[in-house]
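Enquirer: Each chain, written out:
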Amino acid sequence: MMPGSSLSDKLMKPGSRSVSARLMWMNVLVSGTVLVLAVIAFFSYDLISFRQNLIRNIETSAQIVGANSVSALLFDDPQSAATTLEALRNSPDVVNATLVASDGQVFAEYRRNGQTGSADPSLPEMTPGRVDQEWVKGRHVLLAHRIVFQGKTDGTVYIAAELTETGRRARQYLIIALAVLLICMMAGILIGSRVRKMVARPIGALAETARQVSRERDYSVRAEPHTDNGEIAVLIESFNEMLVQIQERDTALRGARDQLETRVQERTAALRAANRELEAFSYTVAHDLRGPLDAVQGMVYILEALDREKRDSDRGEILEQLQQATRNMTLLIDDLLNLSRASTTTMKREPVRLTDLAWQIAGDLNRSDPKRAVEFRIEKVPEIEADGGLMRVVLDNLIRNAWKYTSRHEHACIEFGVVRQRGETIFYVRDDGAGFDPKMNDQLFQPFRRLHSRSEFPGTGIGLATVQRILERHGGRIWAEGSVEKGATFWFTVRSGAAAVA
Amino acid sequence: MRGKAGARRHRWCLSGLLLAVAGVASADLSWQSALAQRPSRDEVQAAYLYNFGKFVRWPAGAARGPLTICVAAPDSFGHAISALTAGEQIDQRPLQVKTVDGAGGVGGCSILFIGAMEPKRVNELLAAAAGKPVLTVGDAPDFLARGGTIQFVEMEDHVRFSVNLDAANRGGLGMSSELLKVAVSVTGKPGTGGAR
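These protein sequence lines map, in sequence, to chains A and V. Number 353 in my numbering belongs to position 353 of the first sequence; there are no gaps in the numbering. Number 150 in my numbering belongs to position 150 of the second sequence; there are no gaps in the numbering.
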């Protein structure tokens, strides 16, 4: 049998050897033992003192008898001595008394049962020099008293007594002890019921609660708290605390399980969405690649036709268009590669001066189209820890976008700067160009999502997605503000020194 | 015979028994020696006389020093009392025995024993002792009537005695109740004498 099951077996049987019964028996046992010991002690003491008192009384009697017998001894008057001895009849314990003259002969004697003449032949000799002497044999005591008068020993008084009272006293003691024991037991039972209320009942209730918990696995029940501050109260409190802890753990376990399920569902949904996104992405990529490819096929077909007809008139324009188509393809592929690289390239952390990067990009742009009048306001921003190549891609995309969307304006201004907000360093790239519809804000960073037609502003629609991916890998984020024809501001943060996000 | 006198007899009896056991003397001899040692009347009376002294209280004014036992009796009694009292004391008073012939020797006596003699001499001696703290003890049949204090009486082969308290009172003597308890008869009224 397992120890656990035997424990529950014990818990299942409330009646077997309950605490209250044990306490009551303990009570009765203790009081009974104490009483018996006390009775023995008192009885022994009483017996001894009673015996001593008796002996002392008989001794006194012997002395009085001796003093009163002096003249009888000296003037040879046994009758007078017998009269004196007869006074001993008032002492119920005295069995017989003998007056022995100094010559060792019996002078007078007294017998309680009246038979005179049967002198005890075995009267012992007194130890020389002693006046009183006693011999105790069981319940019989023999006392001797030397009669000394005017410095001379005139005789000896022997008194034999029987301690009959002793047995009677023992019986009395026994009766009293039994009565007190009975009272003690009754008191014990009475006290036991009180103790049951104080001690046994709370423990019993605790056991019942434990049984319930063990049987029903219900950790929400609580033992009734005890009013005392004693160990029982501590026990109950501890038990309840234990139950609270078990319950908490139980709840936490259940919660964790539920949470895990929810998380799995969430992840599954996210994966499904990502999968769909990926499918859409592949579709868009294929579709966008398909456009220039169709154009190339068309141009090649036209070129073949021109070759067959031996015409050279439109050849240059077609080749130009062919080249444009392949350039578009290359651009798209480059952007895709950039996006891919932004996600997969190994990042290294190094000090990066964004201000310098911004100036380089601005210089490149000015050189590519010197006719445009664009004012660059580039603030000197603090150095950051980041991947230099990727940060160049970020700034290049953002500033190039600004350049592109201000192209319709005669005068434009492109700003790069930094603000500090709630301990966070926030960089921004601002332009006063075409802007965008704020309702489309959340679609800005999705790949291939273009808010303007390709004919209006060329582009692949991958740039901002790439920027977001890079900043996210740096532990930062990006968001935008803007409205149509009021320009746009792109805010971004780079968590300096943060762990790389794979 | 018992008491003081009996002790002696017993002692002899014991020694005789020892002799018998030792085989030195015959049983016949031991019996005879025991018989021979049965105390005489003189010896018993001498012992009683000595014991009387233990139960009598002499007045405070009486002479201290040795307790003098005066004997006006045949020499046999004088020898008996002398042998008995040699070196003994009563109330830390050493005992001395004096033989008295006439009334003139009564002075200084504490106890006066008047043996069997002609009544005239008895009267003389009693008269000499009258009113004095002298315990008079006599053997004469009418000794108390003549004014004596204690008179020996022969009863059933035993020596007993009677007491005249009036005589004792006249002499200022106190008689112990213990003594009166064993007396054959007590005449007169108890007095207040005998303050020690």
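Simulated from the structure, these hints should not be mistaken for laboratory data. Owing to the predicted nature of the structure, the values given are computational and were not obtained by experimental measurement. Glycine included, C-beta positions come from ideal geometry on N, C-alpha and C. One or more of the hints may lead you astray.
Claimed, not checked - Pairs of lysine-lysine residues, derived as BS3-like cross-links and limited to a Cα-Cα distance of at most 25 Å, are as follows:
| hint | chain 1 | residue 1 | chain 2 | residue 2 |
| --- | --- | --- | --- | --- |
| 1 | V | Lys98 | V | Lys132 |
| 2 | V | Lys54 | V | Lys98 |
| 3 | V | Lys120 | A | Lys152 |
| 4 | A | Lys371 | A | Lys197 |
| 5 | A | Lys404 | A | Lys380 |
| 6 | V | Lys132 | A | Lys152 |
| 7 | V | Lys181 | A | Lys152 |
Stated by the list, open to error - Listing some non-contacts, in silico: residues in chain V with all C-beta distances to chain A over 12 Å:
| hint | residue |
| --- | --- |
| 8 | Asp42 |
| 9 | Ala47 |
| 10 | Gly53 |
| 11 | Ala83 |
| 12 | Asp91 |
| 13 | Gln96 |
| 14 | Gly115 |
| 15 | Glu118 |
| 16 | Ala140 |
| 17 | Asp142 |
| 18 | His158 |
| 19 | Ala183 |
Enquirer: Now tell me if each hint is right for this structure.
Expert: Hint by hint, here is what the structure shows:
Annotation: proposed proximity of Lys98(V) to Lys132(V) holds, straight-line Cα distance about 17 Å (limit 25 Å). For the proposed pair Lys54(V) and Lys98(V), the alpha carbon gap of about 19 Å is at most 25 Å, so the pair holds. Under the criterion of a C-alpha separation no larger than 25 Å, the hint pairing Lys120(V) with Lys152(A) is inconsistent with the structure, at around 39 Å. In summary, the hint linking Lys371(A) to Lys197(A) is not supported, as the alpha carbons are separated by about 104 Å, beyond the 25 Å threshold.
For the suggested pair Lys404(A) and Lys380(A), the alpha carbons sit about 23 Å apart, so the restraint of at most 25 Å is met. This hinted pair does not check out: Lys132(V) and Lys152(A) have alpha carbons roughly 29 Å apart, beyond 25 Å. In summary, the hint linking Lys181(V) to Lys152(A) is supported, as the alpha carbons are separated by about 20 Å, within the 25 Å threshold. No Cβ of chain A comes within 12 Å of the Cβ of Asp42(V); the nearest lies about 15 Å off, and the non-interface call holds.
Taking the minimum C-beta to C-beta distance to chain A, about 8 Å, the non-interface status of Ala47(V) is violated against the 12 Å cut. Separation of Gly53(V) from chain A is inadequate, the least Cβ-Cβ distance of about 9 Å not exceeding the 12 Å criterion. Every CB of chain A lies more than 12 Å from the CB of Ala83(V), the least distance being 16 Å, so the non-interface label holds. In this structure Asp91(V) is not separated from chain A by more than 12 Å, as the shortest Cβ-Cβ distance comes to only about 7 Å.
Separation of Gln96(V) from chain A is adequate, the least Cβ-Cβ distance of about 17 Å exceeding the 12 Å criterion. Non-interface call for Gly115(V) relative to chain A: holds, since the shortest CB-CB distance, roughly 19 Å, exceeds 12 Å. For Glu118(V), the condition that its CB be more than 12 Å from all CB atoms of chain A holds, with the nearest at approximately 28 Å. The Cβ of Ala140(V) sits about 20 Å from the closest Cβ of chain A, beyond the 12 Å cut-off, so the non-interface label holds.
With a cut of 12 Å on Cβ distances, Asp142(V) stays outside the contact zone with chain A, its closest approach being about 22 Å. Not every Cβ of chain A is farther than 12 Å from the Cβ of His158(V); the closest lies at roughly 7 Å, contradicting the non-interface assignment. With a least CB separation of 8 Å from chain A, Ala183(V) falls inside the 12 Å interface cut-off, contrary to its annotation.
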